[in-house]
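I would like the entire structure built from these sequences, with the hints used as guidance.
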Amino acid sequence: MSGEDTATYAPKSPDLSSFYSAPEGPTEEAPCAPAQPQTAGAQPQQLPSQQSQSQFSPHQRLHLQPPANTYFPGAAPAHPQQRFLQQGTGPQRQPQQQTHQQLKPQQAPAYSPYFSLPGLAVSQAGPVYSSSDSSSPLQSHHSPQQQQKPSLIYRQQYGTPYKPQFPVQPAQFYGTAIDTSVASAPPHASQADALSSSPSPYTAASATTGAMPPKRGAAAQVAPPSAIDPSPVKTKFPTARIKRIMQADEEVGKVAQQTPIAVGKALEMFMVNLVTKSADVAREKNSKRVSAQMLKQVVESDDQWDFLRDIVSRVENEEKAAAAGSSAGKKRAESESEEEVMPEKKKRVGRKKKV
Amino acid sequence: MSDHEFGGNDDLSLPKATVQKIVSEILPSSTGIAFSKEARDLLIECCVEFITLVSSEANEISEKEAKKTIACDHITKALEQLGFSDYVPAVLEAAAEHKEVQKGREKKANKFEQSGMTLEELERLQAEQFAAAAARHT
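These protein sequence lines are chains A and B, in that order. Residue 1 is where the first sequence starts when you use full-length UniProt numbering, and the numbers rise one by one after that. Residue 1 is where the second sequence starts when you use full-length UniProt numbering, and the numbers rise one by one after that.
It should be emphasised that the hints constitute simulated quantities derived from the structure, not laboratory data. Quick reminder that beta carbons are idealized off the backbone N, C-alpha and C, glycines included. Fair warning: there could be bad hints in the mix.
Partial list, computed: chain A residues near chain B (C-beta under 7 Å) [unchecked claim]: (1) P232; (2) E251; (3) K265; (4) F270.
Here are the computed distance ranges between Cβ atoms for each label pair [unchecked claim]: (5) R244(A) x Q81(B): 21 to 27 Å; (6) T31(B) x Q257(A): 33 to 39 Å; (7) S287(A) x S56(B): 32 to 38 Å; (8) K234(A) x A131(B): 50 to 56 Å; (9) E63(B) x A240(A): 23 to 29 Å; (10) S85(B) x D249(A): 18 to 24 Å; (11) K234(A) x S56(B): 26 to 32 Å; (12) D249(A) x T18(B): 19 to 25 Å; (13) D302(A) x P15(B): 24 to 30 Å; (14) S301(A) x K68(B): 35 to 41 Å.
Written out as structure tokens, the structure is:
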């Protein structure tokens, strides 16, 4: 049989028709475009060649994945394969186009063709894959540093979406087995996505809204390159609030639009610093709760925080006053070292100042 | 509601829920360490103080440069002067990121380009719509 011919990713050829009709798919390489009925007939033939090929190609790995995938019991909202099997003309196109796009990266080591159509990928991708599909092109597109990652992503993400082509054929052999593998594929893809792109919190957002980058989506696209600081903080402070706090100082006049964002970022890092250090203190003391005293201890440990000393000593006073009534003895016993003595002295100083 | 209860005062603090969320992002539950309420409140005060400190320092710098608006530059300079120079790269990055977003927004706002029609086509469409509206009125 036509082993050599079909060995070159034959399944792709059938679906070209959809590209010609699709408004946005001109860049896809399309050897030939048989009519759709033919597609159905052609696939069974290609089946064996595909499988033989898979023995030494990366697809084998992909092929092996289905069993693993079944461990992820997520329910897939859409099953491209099923549509494919149904051979419906309308919905069928989407999966086909997808497989086309997803195949490409595997064929060509350079992702360049892919980069040229991030928007395209987004707009054409089906609802399920869109999250995994578009995010990686976008990421890699924006961050050359992550070039290696994308390759991983491709293997993971495109590995599973690629299956749509296998299941079509295996369907005839394994019957129901496909359904499970298909159903589990999307969750797997999204998991791989989550794993591989953990630094960027908004990947999903960027994917769903990739076509027209809103605030969050764009933020995610730019976020990955932040090799400077893989901050664990995903939540942002409300910039309006920051601006208000800044302008509470009467001397502060106008503030540029970006300034509260810069301050917010600085504040975030400031918090990370303080919180991790006070958590370290808590750990040293075998405590699971960071108390105000621990925070105070951190503040006083470094001159960098000297501007906080007033605040810290004031709060400490209230704390101690409350604590003194109930269990002052216990607290003293817990921390009998200098820390205990020092705060006390400071407290007194603080009180005198205050009163 | 809270604004009314606390007057303007609450405005000059940071939202507790947000701070708590960030704290738990910094200390995921896997670390087994949590912040006490008092510590969190104290942390919020420290944060506000930090903002005030940085902005007043930045304000001074901007005044020295005879600028009326505090720009990102002033913030980074202030951070350097206050001994937080290690924050600067990330801050710059965040600012650049924001700029990028802003650009994206402008693009999005450009309805003309999005419409995919030429100026002539749009003019014709407008004329048609005017005519239709006039016809409706008479």
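Hints and how they fare:
no., hint, verdict
1, P232, "5 Å, holds"
2, E251, "6 Å, holds"
3, K265, "4 Å, holds"
4, F270, "5 Å, holds"
5, R244(A) x Q81(B): 21 to 27 Å, "24 Å, holds"
6, T31(B) x Q257(A): 33 to 39 Å, "36 Å, holds"
7, S287(A) x S56(B): 32 to 38 Å, "35 Å, holds"
8, K234(A) x A131(B): 50 to 56 Å, "52 Å, holds"
9, E63(B) x A240(A): 23 to 29 Å, "24 Å, holds"
10, S85(B) x D249(A): 18 to 24 Å, "23 Å, holds"
11, K234(A) x S56(B): 26 to 32 Å, "29 Å, holds"
12, D249(A) x T18(B): 19 to 25 Å, "22 Å, holds"
13, D302(A) x P15(B): 24 to 30 Å, "27 Å, holds"
14, S301(A) x K68(B): 35 to 41 Å, "39 Å, holds"
Hint check: no violations occur; every hint is consistent with the structure.
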